[in-house]
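Dock chain H against the given chain R, drawing on the hints supplied.
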Amino acid sequence: MLRLIGRRLLLMVPTLILASILIFALAEVLPGDVGRSILGPYATQEQVELLNERLGADRPIYVRYAAWAGGFVTGDWGDSLLLKVPVFPTVMKALGNSLVLAGFALVLIVPTSVLLGVFSGLRRDSALDRTITVSTLSMTVIPEFVSGVVLLYVFAVWLKWLPVTAMPPDGSPFVSRFYYLILPAIPLMFLELGYIARMARVGTAQVLAMPYIRTAVLKGLPRRRVIFGHVLRNAMVPTVTVIGSQVGWLIGGLVVIETLFVYPGIGKLMVDAAQTHDLPMLEAAVLMVAILYMLSNLMADIVVALLNPRIRAGG
Amino acid sequence: MTQDERSREFGHHLIEQVKKGQMTRRQLLVRASVFGLSVTAAGQLLAACGGDSEESASPAASAIPDPVMGGTIKMIGPAPITDPDPVTIYDQGGIVLVYQFLEYLIDLNNDNSLRGTLAETWTPNDTVDVWTFNLRQGVTFNDGSPFEAEDVVTSIERVLDPDNGSGALSQLNGVLSPGNVKAIDAATVEFTLDKPFADFPYMVSSGNYNTAILPRTYKGDIIKNPVGTGPFMLDKYVTKQKATFKKNPNYWGKDDKGNQLPYLDGLEYIMVEDNSAQNLQLQSGAIDLQPQTVFQGAQALFADPNLRVDIYPGTGIREVAFNVDKEPWKDNPKLRQAVAYCLDREAINKALYDGRSNLGYDTFWEPSVFAGAPESTPRAQDYEKAKALLAEAGHPDGLEIELTFAKYLENPQYAQLIQEQCKPAGITVKLNQLSYEAYYAGDDADYYGTTPWINAPMSITEWGSRPAPGIYAAAMLLPDAVWSSSHWDNADFVSAFDEYESTVDEAARMEFATKLSATQQEETPILLSFFITQLRTQKKNVFGVSGPGSFYCDMSRAFMTA
Numbered sequence: 001m002l003r004l005i006g007r008r009l010l011l012m013v014p015t016l017i018l019a020s021i022l023i024f025a026l027a028e029v030l031p032g033d034v035g036r037s038i039l040g041p042y043a044t045q046e047q048v049e050l051l052n053e054r055l056g057a058d059r060p061i062y063v064r065y066a067a068w069a070g071g072f073v074t075g076d077w078g079d080s081l082l083l084k085v086p087v088f089p090t091v092m093k094a095l096g097n098s099l100v101l102a103g104f105a106l107v108l109i110v111p112t113s114v115l116l117g118v119f120s121g122l123r124r125d126s127a128l129d130r131t132i133t134v135s136t137l138s139m140t141v142i143p144e145f146v147s148g149v150v151l152l153y154v155f156a157v158w159l160k161w162l163p164v165t166a167m168p169p170d171g172s173p174f175v176s177r178f179y180y181l182i183l184p185a186i187p188l189m190f191l192e193l194g195y196i197a198r199m200a201r202v203g204t205a206q207v208l209a210m211p212y213i214r215t216a217v218l219k220g221l222p223r224r225r226v227i228f229g230h231v232l233r234n235a236m237v238p239t240v241t242v243i244g245s246q247v248g249w250l251i252g253g254l255v256v257i258e259t260l261f262v263y264p265g266i267g268k269l270m271v272d273a274a275q276t277h278d279l280p281m282l283e284a285a286v287l288m289v290a291i292l293y294m295l296s297n298l299m300a301d302i303v304v305a306l307l308n309p310r311i312r313a314g315g
Numbered sequence: 001m002t003q004d005e006r007s008r009e010f011g012h013h014l015i016e017q018v019k020k021g022q023m024t025r026r027q028l029l030v031r032a033s034v035f036g037l038s039v040t041a042a043g044q045l046l047a048a049c050g051g052d053s054e055e056s057a058s059p060a061a062s063a064i065p066d067p068v069m070g071g072t073i074k075m076i077g078p079a080p081i082t083d084p085d086p087v088t089i090y091d092q093g094g095i096v097l098v099y100q101f102l103e104y105l106i107d108l109n110n111d112n113s114l115r116g117t118l119a120e121t122w123t124p125n126d127t128v129d130v131w132t133f134n135l136r137q138g139v140t141f142n143d144g145s146p147f148e149a150e151d152v153v154t155s156i157e158r159v160l161d162p163d164n165g166s167g168a169l170s171q172l173n174g175v176l177s178p179g180n181v182k183a184i185d186a187a188t189v190e191f192t193l194d195k196p197f198a199d200f201p202y203m204v205s206s207g208n209y210n211t212a213i214l215p216r217t218y219k220g221d222i223i224k225n226p227v228g229t230g231p232f233m234l235d236k237y238v239t240k241q242k243a244t245f246k247k248n249p250n251y252w253g254k255d256d257k258g259n260q261l262p263y264l265d266g267l268e269y270i271m272v273e274d275n276s277a278q279n280l281q282l283q284s285g286a287i288d289l290q291p292q293t294v295f296q297g298a299q300a301l302f303a304d305p306n307l308r309v310d311i312y313p314g315t316g317i318r319e320v321a322f323n324v325d326k327e328p329w330k331d332n333p334k335l336r337q338a339v340a341y342c343l344d345r346e347a348i349n350k351a352l353y354d355g356r357s358n359l360g361y362d363t364f365w366e367p368s369v370f371a372g373a374p375e376s377t378p379r380a381q382d383y384e385k386a387k388a389l390l391a392e393a394g395h396p397d398g399l400e401i402e403l404t405f406a407k408y409l410e411n412p413q414y415a416q417l418i419q420e421q422c423k424p425a426g427i428t429v430k431l432n433q434l435s436y437e438a439y440y441a442g443d444d445a446d447y448y449g450t451t452p453w454i455n456a457p458m459s460i461t462e463w464g465s466r467p468a469p470g471i472y473a474a475a476m477l478l479p480d481a482v483w484s485s486s487h488w489d490n491a492d493f494v495s496a497f498d499e500y501e502s503t504v505d506e507a508a509r510m511e512f513a514t515k516l517s518a519t520q521q522e523e524t525p526i527l528l529s530f531f532i533t534q535l536r537t538q539k540k541n542v543f544g545v546s547g548p549g550s551f552y553c554d555m556s557r558a559f560m561t562a
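Sequences listed follow chains R and H, in order.
For the record, in the first sequence the residue sitting at position 65 is 65 according to the working numbering, with numbers rising by one throughout.
For the record, in the second sequence the residue sitting at position 150 is 150 according to the working numbering, with numbers rising by one throughout.
By construction, these hints were calculated from the structure, which means they are not laboratory data.
These numbers come from a predicted model, not from an experiment.
Keep in mind that the hints are not guaranteed to be accurate.
Short derived list, chain R residues pointing at chain H, Cβ under 10 Å [stated by the list, open to error]:
#1 Pro31
#2 Thr44
#3 Leu81
#4 Tyr153
We treat Cβ as the ideally placed atom computed from N, Cα and C, and that holds for glycine.
With the rest of the complex left out, here is chain R:
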């Protein structure tokens, strides 16, 4: 098990290096340059060139990459070229915000979707199963900006039950953040519910058809023990893998929700940085999300290994 973890952690290093090179290369392909982003379309060519020279943005890409990578590894993440704020605290703060939102959403999503999926799986093809499957799938296909706007309009504008933004005013106690996060978490729940519930349903149904379940039932085990001791444990393997893969998205991919609910998360930070060629900010943000993504996948694999001894032994 420890070897598995160690090997996976080591593998992260080349992956991150590759990712950082790719970001640099992709940013190069994007139209425009950082000098133009700072001075805008009305500045003259000479003005932009002067600024690019001053920022070092006119140097060859490999020179800039080496300079950036050297700084990044030694802990000097530099300043944002556009916003003139230090990159490290900005990225960490945004990442922290995104983690809070993702964590809160997961707390809502995982138990609900697993419960619904397992119910569906246990009562396969019943009216309950069909209701759950159809309704969760329908929710999944609603884009988050549609459900977000509708929810905001109904609960924040019309009924005024919940706040219209996702961040409490300065000085509010930490717990009040969760009250503010209820509305933004719901569209995420809509998106994920159908997906995770379906995995749980399929897993449950598959395990129910296994001979060892029949044996367990036939040897007279109480139904509760069959479900909790045998079905759930095995049915959870694909579900946990899927949840692991969704964590990365919940942290870095919530641009729409962050924009709509005015939440200073890392998704929006990355998009802004990409659009304005703010490479120090973009690199740091993407790499942090990549690290979290890989860690969450690793966590999922560890949980799966704990659930399934065969994987553990093979690890």
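Just chain H, lined up with the frame of chain R:
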């Protein structure tokens, strides 16, 4: 001629124009302001015109209650794209922010007339190429240092220095060169222009937003060191989230009754990019004011019983440029006119702006929008004329053209309307929609030689407000204009323009404006179907917000009733 004599003669011309019906009383006020006539002097001119007083340009002026002191107004708008350095800002978020704590020599009123802010008066010499500005006395920066002529000199010279990357440089291009701003004494500044330019006061007004007056010691760190003379002081700035302002207790401004300005204790500016998110926040009651409301999605705001949407006679445009360096537009004004006659401008105005914008007829001299403009010849949709022009232009069987634009604001809808309306005449418009970034991107080595907004054969470019037709023409229709998407170079227009800007005689200006307008229409280097009305949304208890819509949001007289 002495300054007094010049003012008298100028005033006399204005009165004549009003009496002849060539200018409304409101337009007289606008023109008088450009030449630095005080409000009292302009009032005397109006009295000399006789007749009834006219409507005010300020929305719902009669319904404004007495000001209430105190309170904080929460505003909402986009975050500045960059760290908002006043020398280089170019976006709405940056401009609205610096406008609260910095000031200009001259400010724009709602009707684009000028109001002295840090300058009290300004006058040109006889040849209109030297302008003398008398500065307001007794003004201090919020760090206690006095405001003097030297601060004006360094502020304007700063934007003229190419090293500082200011967009104002392009605007002042060919009018004011570095080294030509001089302090005569602590309270007088003299600008020596490269050529006569009667609209010069606009170029050092808030209409040219990079010309904000900063202390002479400014080092480019406005957020860390927010020193200005404005009604508010920057208190806290959280990047991409919000900015808060406190009132400047030593502000020089007083209202008509002698009350100290500003009325408010402070401001909060919440940064939200997304328009629907902004509108939802307004509707929820969490926000008091949205300085700039866009038409798309504004219907819900118009219908909201708790909100008031003010409408300002805006001057923003969507420039549809024919690149005359490229086929099929080269040397072919008839073809350009043919496209112009395909447009149903009223239908476009209705579809894009709920019919609330002012119609344009392919000339900047549009009297419904700008003071001192001659009547333009309306251009209604006329397919027969369009087809005849097409045949004369050498395309009797029609042709295919390409229209390039950014997927931004109402550009895509406008492009589709142009496409639909050109079809019956046999003109097939191929739409080339780019991302905003791609439309304004260009090669590092030669930006203006490669960027689509300047080089596409036909393009739509969005322009914010410009306070006078001459400012627009100088920015895009002269051969040396940096932002010329049409690449138009017309000797008649250039010489008429130089004469137009060389005189302060209103009758002569009107004559040249008539010629300029006719040439622009005849040649049609660009299509101007409308001048966009500006919307500003506030709670019904918010009053006194001024500035001609758009980015300019003067909060010094704003207040909230209970």
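Going by Cβ atoms only, is R:Thr44 closer than 10 Å to chain H? Check passed: Cβ of R:Thr44 comes within 6 Å of chain H, closer than 10 Å.
Is the interface hint satisfied for R:Pro31? The criterion is a beta-carbon contact with chain H at less than 10 Å. holds (3 Å)
Closest C-beta approach of R:Tyr153 to chain H relative to 10 Å, hint status: holds (7 Å)
Is the shortest C-beta separation between R:Leu81 and chain H less than 10 Å? OK, holds: R:Leu81 within 10 Å of chain H, min 9 Å.
Checked against the numbered hints listed earlier, the structure breaks none of them; every hint is satisfied.
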